[in-house]
Amino acid sequence: MATLLNLSDSDSSNLSDQSVGTRNSNRSLRIAEQERRKNEAEEPFVLALKYFSEVEAGTPVTGNDELENNLVQVEKVAFSRGLSPEAISVMLDFAMSLRMGTSPCARVLKCLLPASVVPQKAVVQAIVWLTVRKLPISSQVLFIKWVLTVFDMIDAKDKLRAIYGFIFSFVTDENLCPFICHLLYLLTTKENVRVFRVRKLLELQSKLGRQPYLLYLLSLYKVFCPELVTLSMPSRMKSGFKNHISPWKTALIRVQKRNSVQVASSISLAFTVRDKTASRKRKHAHLELPSLSPVTMKEPQAAQSSSRKLVPLQQIQSFAQLLQNMHRIELPAQMGSLLGSRLALQYLDCVQDESALLRLNFWLGYALHEEFLFCSDGGANKNPEEALQVLNRLLSAQHFLQEGFNSSDAFLYKFLNVWDGSLLRPQILGLLSNIPVIPSSQIKTLLFDPLMQLFFTSSLFFKCGLIECLNHMLLKWLTWHSAYALEDDLDISLNSHTSINITLSGFKDSVMELVHFVGRLASLGLQLEGCHSLLLSFILDFYETVCDTFLKFGLPLVVMPPLGVFYPAFFAADPVSVDRLAFIMHRYKVNLMSAKRQEKVTEAFHISRQIFREFNRYQVFMVNCLWNSNLCYPGSDVHLSDELLAKSGVPQFSTRFDLIHHPAFVSYALDFHHKCWPDRKDTDLNSIKQSKPWSWYLEYLFTQGFDGLKDFLQNNISRRVTMAGDGRDDVTQSQELGSAPQMKQPLLS
Amino acid sequence: MEGSRESAGRTPHSGVVKRRSKSQSYRRSIRTCFGVASGLGLTPALTARRMNTSRKVPRSQNITEKVKPEHLELLVKTEWQLSYVTPLYQFRHTQLKNYSRQLSAFIAAEKQQGLAVEVGKPQNTFKVSFSELQGLAETSNDPEAVLIQIQSKPMFARQEDPLKTVWSGWLSCINGNPEYLQSLPKDFTCLPLFCSKGAESLSSVVKSWLQRTFDCCFGPLDINQITLQWLAALWTNCHMETNIQNLKMIWTLPVEPPLKVTYTVNSDDALDLWRSTRESSAEKSKEAEDEVCIDFSEVTRFMQGLMSHFYRHFRVDLSAGELNQVSSALGSAKVNGKIKISSSRYLISIVSLLTECALLKMPI
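Chains as they are written, first to last, in the numbering used here: chain A, 1 to 749; chain D, 1 to 364.
Please note that a few of the clues may not be correct.
[Stated by the list, open to error] For lysine-lysine, the following DSBU-like pairs were computed, each having C-alpha atoms within a straight-line distance of at most 35 Å:
1) Lys56(D) x Lys414(A)
2) Lys127(D) x Lys207(A)
3) Lys77(D) x Lys340(D)
4) Lys159(A) x Lys121(D)
5) Lys200(A) x Lys111(D)
6) Lys97(D) x Lys248(D)
7) Lys414(A) x Lys186(D)
8) Lys197(D) x Lys414(A)
9) Lys552(A) x Lys596(A)
10) Lys97(D) x Lys207(A)
11) Lys207(A) x Lys56(D)
12) Lys121(A) x Lys257(A)
13) Lys164(D) x Lys200(A)
14) Lys207(A) x Lys164(D)
15) Lys164(D) x Lys414(A)
16) Lys334(D) x Lys414(A)
17) Lys338(D) x Lys157(A)
18) Lys207(D) x Lys414(A)
19) Lys190(A) x Lys334(D)
20) Lys190(A) x Lys121(D)
21) Lys153(D) x Lys207(A)
22) Lys121(D) x Lys153(D)
23) Lys476(A) x Lys186(D)
24) Lys76(A) x Lys257(A)
25) Lys134(A) x Lys121(A)
26) Lys190(A) x Lys66(D)
27) Lys186(D) x Lys200(A)
28) Lys66(D) x Lys56(D)
29) Lys77(D) x Lys414(A)
30) Lys200(A) x Lys207(D)
31) Lys200(A) x Lys97(D)
32) Lys190(A) x Lys197(D)
33) Lys56(D) x Lys127(D)
34) Lys200(A) x Lys334(D)
35) Lys200(A) x Lys153(D)
36) Lys111(D) x Lys207(A)
37) Lys186(D) x Lys190(A)
38) Lys207(A) x Lys207(D)
39) Lys414(A) x Lys338(D)
40) Lys190(A) x Lys164(D)
Simulated from the structure, these hints should not be mistaken for laboratory data.
So here's chain D without its partners, still in its complex pose (with noise of 0.2 Å):
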């Protein structure tokens, strides 16, 4: 069955001319109702994914050696606007070359509505460059990860004068679930998180691009309470490796008018009151000690922990409102879907966890 179909989808002639035998209509019939062959279907319609309620603790990972220097300033010097990316579909990692000259031409002709353009031709507006993120995925089931830059003259450049990069991007897959990447047929490439700098203009173009070039699409990402809680309690453990000075908060409160609350942790008191969140729980798993292990629960009982203190110092429950913001040395994220990464070491863990969330919102 499985050889016969392969066989009709590589010579279309024979499959479509065959006339379905009962059994191959059983089949489909019953494969379209719980989902495609690759198993992809059932698993998420019927038992929802959902986040995990467990993870590893962020070790500080020495990427410097792995990645190009150039790529990892880049990374960590910048804000990144987040987005989810559905499946590529016969994307190749060997035909960025190639990409770079299509999504050039593309940025000329819908920046020229209504000039053609020749594809290939040197753009003496914008130059796009793909290029390999090396160094960045984890397991054999991330797909290596993918810069995409736009370089463009300043409008009263000199001749002379170097292109400016004026747009980046890079989609990614860190981490991600390995039973949902291996449920993917071999057509598709999955790098769900989609991060990008520049002009909402150009995003929009690239994206556009990618979307008509791999058939994909693309949604914002926005970085929800839970994720949130959970980088505000991996920042505050990385203390122990790492100064990270302050940890900073921001909710607001939906009263009238809107109270917006700064609420700033110095590192030391945010790590005690961590560790004693841990002790209570760390104590029932004692022998694994090499691969610890926070849960979320622990991640809860940090929150509540700094906005009881809140409480008995301001009156205020934080609880009614919403988490905004999460900063400190290591990094800010925004929930509006805005993240920078600071250091290099936690860049990896950070953004498996983006990985995770992005994952989160396919469809299927």
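For reference, chain A alone in the conformation it holds in the complex (with noise of 0.2 Å):
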């Protein structure tokens, strides 16, 4: 592959020589220049590395001019460009076999500045050298160190794992230890955890104390084995190991920057012991995340085959690894910890394994409740902030998996009787609104009666959260529906392990008890907080969902808005709001059309007269409203008389709710009036009604972006009409409005 590369790379960049080169035949002969001087640089370099792997063992050091020339070449290279692999080697070996005594060592090892990688058999080899040589103490040290530095470039790590037990043997060594220790921890895995090993290093603790480069080589011990070796870390320790990099530090950087090699040199460990952050001040800390630890026990049989290739999920940190080790995952000890990792979150979703699962519940439920519901403590108003974050996280898990966890709706069923609908509201919702289907037999007892009496008796801004919050639940529920139920057979029931059976008629009268509790609900908020058009734009966005739950989810069900939800929609004084009633109006009529056709087609599912009377009459109502002036209630149970309407000294009281006059579109027509006339002095809007200035105010409403209406009209009015209004512009307005045929045959059959 990377000759590959390099092929591809010169030939380039001949290709670009030639092209440049016949127009710039100066720059191409700099560029020879150049190279030709590198490589003259660089002989001396060649001949240098020549001189190392091959100088006699026993040369005399003092006044070899040699080998000071050559030592100063080797630095000049590996202190501008770093030493190539080969360089490294030849190099490493001089300096560990001790070819020509101790006293150049320190000086080789302080220029071992790599280029690209380590080789991993060049750091084995060395490591082999310093048992069988005698080199100084310090210069061991060093060594070390700078293994320790170059740890993420070596490239690869299987032959050093190999003399783990090797390296290991160097603990004893006082002055080695704290760096021995660092690297057996880079190189541990689960199957170098033995317990002779976790004796020898306690027999170390016993006579050096509580160091912790010990403890910490024992805590990851502790991570692949607990049940060899258990320790708890002080919360006080000062995290990783000491930074001993410093000789290569700044070389090795400036010369990583100058090959703009990206080699990612994670010197600093990436520690997770356990998050000391976490308040040390409370006294039972339910809301506490339980940390990612591995499990001690582990099943007797298992233990045995298996469990030496089990990966804790502790150890791992990126996806890909979660890919790789995916059939070998070992689960935490404790689930609860799962919640703080999207991995592990990743991880359960895909394994679908019951136990873990249930697991998870009982901590999450217990957590809840003891927060919540039975405040051992004080509860949540001592911790606010504790509360919100694992709720925030909570939710963002439910929102990761697509689904909520049943300890928590089994807890919200429960909280909801004692909630004042303010403690930590948006977070209350979100998880309320992550509810799944509730049986319709109960959905009365837990649901609606609780938030029934929060509804009557919080503020407005409550009353538009609860409807929204029941808007997205709603939505979960349809398209939980529509991403299952469709694609299997449209009767579901569950086998016997649920003790219940979700059917489609089942779902539907869910949904349908949902829906019209939310109507109750918004035609009683409605009127208690005087049709206030924020509560009204929410309750709008839920009918927004509920008409078309045919077309966008296949739910064979329609359920008109009541008549305290339509009217107050129709009779608001904001455009806005007129506008997507009629947009409403508008899916309703799809919907009903496109089941209409499909009831036609299957006998699977019917719609009842009752729902087609019902729209009617809206649509009706609105038409004869906006279009012909009319106020009228076609065969519907709210009817005010003239005589009534009269008595309000209203003029022309039944004209008051045409597009004209409505008091949402006035301002429009006002406007519109003013455009078209301009010399005028009087206003008469009734003017607009003439057919042409008509059919331009209507042009004008929808290019003001009311294109509900725009529907709602196009789709309702018969455009035939207005046309053939043009040619009799004598006749008057009311007449021409107020004949019979404007209107499309309504739904009814």
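Using the supplied hints, reconstruct the complex from the two chains, each of which is provided in its own coordinate frame.
Take a look at the structure:
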């Protein structure tokens, strides 16, 4: 691969050389000159390497100019460009073999700056030299420090791991011990953790006292084999090993920058000892996530065969690692710790382990209950910050998994009864919106009763929040349905291991209950809050979901908004609400039409006549009001007699809600009037009703962004009539607009 | 379906690599909607568990033959601090020796922060022993109770001095709700009641070890008003067989300054009152003579009788206050979750009541 790349590189450079060279030969000459000089400069370096690889053992050092010159050559290259892997091998072998005694050793080690990688073989060999020849202690330490520094650049680690025991034997050396521990820390795998090594380290611990380097190595041993060793990290322990890398650090960074090598020399250890910032003050920290720690008790039969190969989840740092080890990951001792880690959640989502999920649920349920319901230590009021964090984490986990945890659902059903509606409102409402479908027989006691109470006793903002939350809940239910149910048979019943069977009709019932419930809340809420437009906006959001249940989510269910929502939306003073209502009515129509077509093909479902009747009533009312200037309530339960309306003293009351006089549009009408007849002094809005200005007015409204209105009108009013109006300008407006066939055939059948 | 899921559980390889089929994911989705496959989810979530409103009359049981005398002595002579525990994951009664070693090492490591400890090496400071408390389980669903004891040498003890027990605790489940117990997957052992005695620091170390090892959670278990009332009635009922001497109740009343009322009733008088409340209702169910049950309405009436008597004499309405403690010759119970059971003969029925309270605290 690398050679291929090089080839193509040189090819392209040749090509560019040629193209440039023909035009600019001076420059190419200059480049060639540079190359030559560089080669000349390299020549003595190659010779120097040759010298170091071939120098006879026992050659004197003092007064040896040849050695001095060659060493200077090597140092020059090393500090400017770094040494190639071969050069590293040669120099390391020269230094560690002590062919010319101990004196040049340190100097050579200090200039071992790799340009790219360090060959593993050279390191292994040097470690072997470490025992063969008597190296001064300082050089030994220097060598191990060098290995630690370049550890990430060593091209492979398998052979180093193979001599783990050999390296381990150096821990008994008091001077080397801290550095050897660090090296072992970097090399240790599960197979390396053995009882005799644990004992050796513990023996050292009793000799040397509580040394952080021993403790950190042991803590890694504990991660792999908690059944062999246990320890508890003091909370004030300095983290990680000391930074031993000073001699090379700056030079190495410079060399790397020059060579623009991106070797991730993560010299600072990513240490995953328990998060010490977690509040030490709290006595009962229910909400503190347990730390990711490995299982201590292995199943006896599993312990022998497979557990050696298992990888604790704690050791997984990246998604790539997760994928590689997917088949042999060991879940942590405490499942609650999973909530803190994306990777762990990803794994949980894949494995579908019943017990794991149950363990997580037990912990979560316990934490939530203790914190918010049992309140054994004063509850959430004491530390809202912590509760907030955990709930946010829970929410993001649920969001990530795209489903709730049933312990949090169970908790919510209880908590709703005691909630004041303000404590952690966004979080609680967020959790609530993740609640799965509840069978219609229980939905009232679990959800509606407590919510109803909260809704009517809380502020406008809570009301809006709750409607929004219920909208999300409905959306999730519908999405869940469209994602799973439609692809299976329509009638879904589960096998016996769940205590509930949900069928399509059961699901429909639940959805219907929910929509009716929101309808009730919305009607009363609008009354209570004086048809507040903010609340109305959230309610219309909800009905935008409801009106599209059939087409968007494939649920054969159409529920119309109640009168208490429809009329306030229609009579609203802001055009946005009216426009959205028009859009919703339009979508209802499209859904009903398509449902009706479907109904003819399959007998699978049936939309009740009552729904069509309700829809038609709203439809006719809207068209009559907006278009025909005729305020009538066709066959509805609400009826105001004309006499009563006449008593109000409003002139021409029946035209008050047409597109011109509707409070939401009157300003547009005025503006239009002004633009249409800029010279007119007296404003007569009725003049817009003439057929030409009328169609212009409609165009004008549509350009104002009232797309809902546009869809609604274009689908419900046949253009033919307005066109026909062109030729009959003399006919009075009321007659023209009042003529019957302007409305399309009602849907009712 | 059942089978394939199990196999996926056993060999994670196949379970992981295989992409979920649609129906599987549908099921899973609905499963997490309504609870795990074990059926645990829905029942408690949607129909909240409630305290039994009726329970059997406690019968005097001679458990001295079933339970080891040294265990019995420990159980009845001590005031226990109660906690509830969520089900233990992968707890094995066969591994108790191993647990003893682990916990010893854990305590040693906790006591000497920053010093690693080899597991299994005999510790000279604390010696932990796990053992089965046989003879307490009542039904086949109840897992055998487990006793944990920590022994230590006093600070300035001589070499030959025996170890002294410094901390004891036991996990139990007696007459646990069979539906709940059966709904748990077999990896879980439900021992919901944890009683401990000894230094608080040791309790928390033991709890934290159990939490880490068996992925369970501990919470305080208080003995609430209703349970205390039950105890008062049950103990009074025992007076028919065993002399309970006095029924003593302590109330606190929310006045300024707080008023503490110690209300001691002669056991004979209490029994008379209890009999009279029983008689009125007992006539209804005369036929079920051998399975005599007490209904909570009777308990309430009994307490009301006691309170109205008090009101008649002192013009203090106890129902405005809080019952804090109930005691008799058979034992004492405090609202903060401390209980002492003085007679082994009613041990089982009291612990059954407490097990029920602990199970009520289970989050799912």
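Verification of the supplied hints:
1. Between the alpha carbons of Lys56(D) and Lys414(A) the distance comes to roughly 29 Å, so the proposed pair stays at or under 35 Å and holds.
2. Our distance criterion of 35 Å between C-alpha atoms is met by Lys127(D) and Lys207(A), whose separation comes to about 24 Å.
3. For the proposed pair Lys77(D) and Lys340(D), the alpha carbon gap of about 7 Å is at most 35 Å, so the pair holds.
4. Using a Cα cut-off of 35 Å, the hinted pair Lys159(A) and Lys121(D) holds, with the two alpha carbons roughly 33 Å apart.
5. Pair hint Lys200(A) plus Lys111(D) holds up; C-alpha atoms about 22 Å apart against a cutoff of 35 Å.
6. Simply put, Lys97(D) and Lys248(D) have alpha-carbon atoms about 43 Å apart, too far for the 35 Å limit, and the pair is violated.
7. Restraint check: the Cα-Cα separation between Lys414(A) and Lys186(D) comes to about 28 Å, which is no more than 35 Å; the hinted pair holds.
8. A distance of roughly 32 Å separates the Cα atoms of Lys197(D) and Lys414(A); the hinted pair therefore holds under the 35 Å criterion.
9. Taken as a hint, the Lys552(A) and Lys596(A) pair is honoured in the structure, with Cα atoms around 16 Å apart against an allowance of 35 Å.
10. Restraint check for Lys97(D) and Lys207(A): satisfied, since their Cα atoms lie roughly 30 Å apart, inside the 35 Å limit.
11. For the proposed pair Lys207(A) and Lys56(D), the alpha carbon gap of about 63 Å is over 35 Å, so the pair is violated.
12. For the hint pairing Lys121(A) with Lys257(A), the CA-to-CA distance comes to about 26 Å; that is within 35 Å, so the pair holds.
13. Proposed proximity of Lys164(D) and Lys200(A) is supported: the alpha carbons are some 32 Å apart, at most 35 Å.
14. Among the hinted pairs, Lys207(A) with Lys164(D) is consistent with the structure: their alpha-carbon atoms are about 30 Å apart, no more than 35 Å.
15. Between Lys164(D) and Lys414(A) the CA atoms are separated by roughly 46 Å; this puts the pair beyond 35 Å, and the hint is violated.
16. About 26 Å separates the Cα atoms of Lys334(D) and Lys414(A), which keeps this hinted pair within 35 Å; it holds.
17. Taking the CA atoms of Lys338(D) and Lys157(A), the gap is near 58 Å; set against the 35 Å cutoff, the hint is violated.
18. Between Lys207(D) and Lys414(A) the CA atoms are separated by roughly 27 Å; this keeps the pair inside 35 Å, and the hint holds.
19. About 50 Å separates the Cα atoms of Lys190(A) and Lys334(D), which puts this hinted pair outside 35 Å; it is violated.
20. Taking the CA atoms of Lys190(A) and Lys121(D), the gap is near 21 Å; set against the 35 Å cutoff, the hint holds.
21. Taking the CA atoms of Lys153(D) and Lys207(A), the gap is near 25 Å; set against the 35 Å cutoff, the hint holds.
22. Taking the CA atoms of Lys121(D) and Lys153(D), the gap is near 17 Å; set against the 35 Å cutoff, the hint holds.
23. At roughly 33 Å between alpha-carbon atoms, Lys476(A) and Lys186(D) fall within 35 Å of each other, so this suggested pair holds.
24. As the CA atoms of Lys76(A) and Lys257(A) are separated by approximately 17 Å, the hinted pair is consistent with the 35 Å bound.
25. Annotation: proposed proximity of Lys134(A) to Lys121(A) holds, straight-line Cα distance about 21 Å (limit 35 Å).
26. Simply put, Lys190(A) and Lys66(D) have alpha-carbon atoms about 46 Å apart, too far for the 35 Å limit, and the pair is violated.
27. At roughly 40 Å between alpha-carbon atoms, Lys186(D) and Lys200(A) are farther apart than 35 Å, so this suggested pair is violated.
28. Between Lys66(D) and Lys56(D), the direct Cα distance comes to roughly 22 Å. Compliance with the 35 Å bound is thereby established for this hinted pair.
29. Using a Cα cut-off of 35 Å, the hinted pair Lys77(D) and Lys414(A) is violated, with the two alpha carbons roughly 38 Å apart.
30. Pair hint Lys200(A) plus Lys207(D) holds up; C-alpha atoms about 31 Å apart against a cutoff of 35 Å.
31. The straight-line distance between the Cα atoms of Lys200(A) and Lys97(D) is roughly 25 Å, inside the 35 Å bound, and the hint therefore holds.
32. A distance of roughly 39 Å separates the Cα atoms of Lys190(A) and Lys197(D); the hinted pair therefore is violated under the 35 Å criterion.
33. Restraint check for Lys56(D) and Lys127(D): the C-alpha separation of about 41 Å exceeds 35 Å, so the hint is violated.
34. This hinted pair does not check out: Lys200(A) and Lys334(D) have alpha carbons roughly 51 Å apart, beyond 35 Å.
35. Proximity of Lys200(A) to Lys153(D) is assessed by CA-CA distance (about 28 Å); at most 35 Å being required, the pair is judged to hold.
36. Of the supplied pair hints, the one linking Lys111(D) and Lys207(A) holds, its CA atoms being roughly 19 Å apart against a limit of 35 Å.
37. Only pairs whose Cα atoms come within 35 Å are accepted, and Lys186(D) paired with Lys190(A) is accepted, the gap being roughly 29 Å.
38. Proposed proximity of Lys207(A) and Lys207(D) is supported: the alpha carbons are some 32 Å apart, at most 35 Å.
39. With a CA separation close to 27 Å, the supplied pair Lys414(A) and Lys338(D) stays within the 35 Å bound.
40. Distance hint between Lys190(A) and Lys164(D) is unfulfilled; the C-alpha atoms sit about 39 Å from each other, more than 35 Å.
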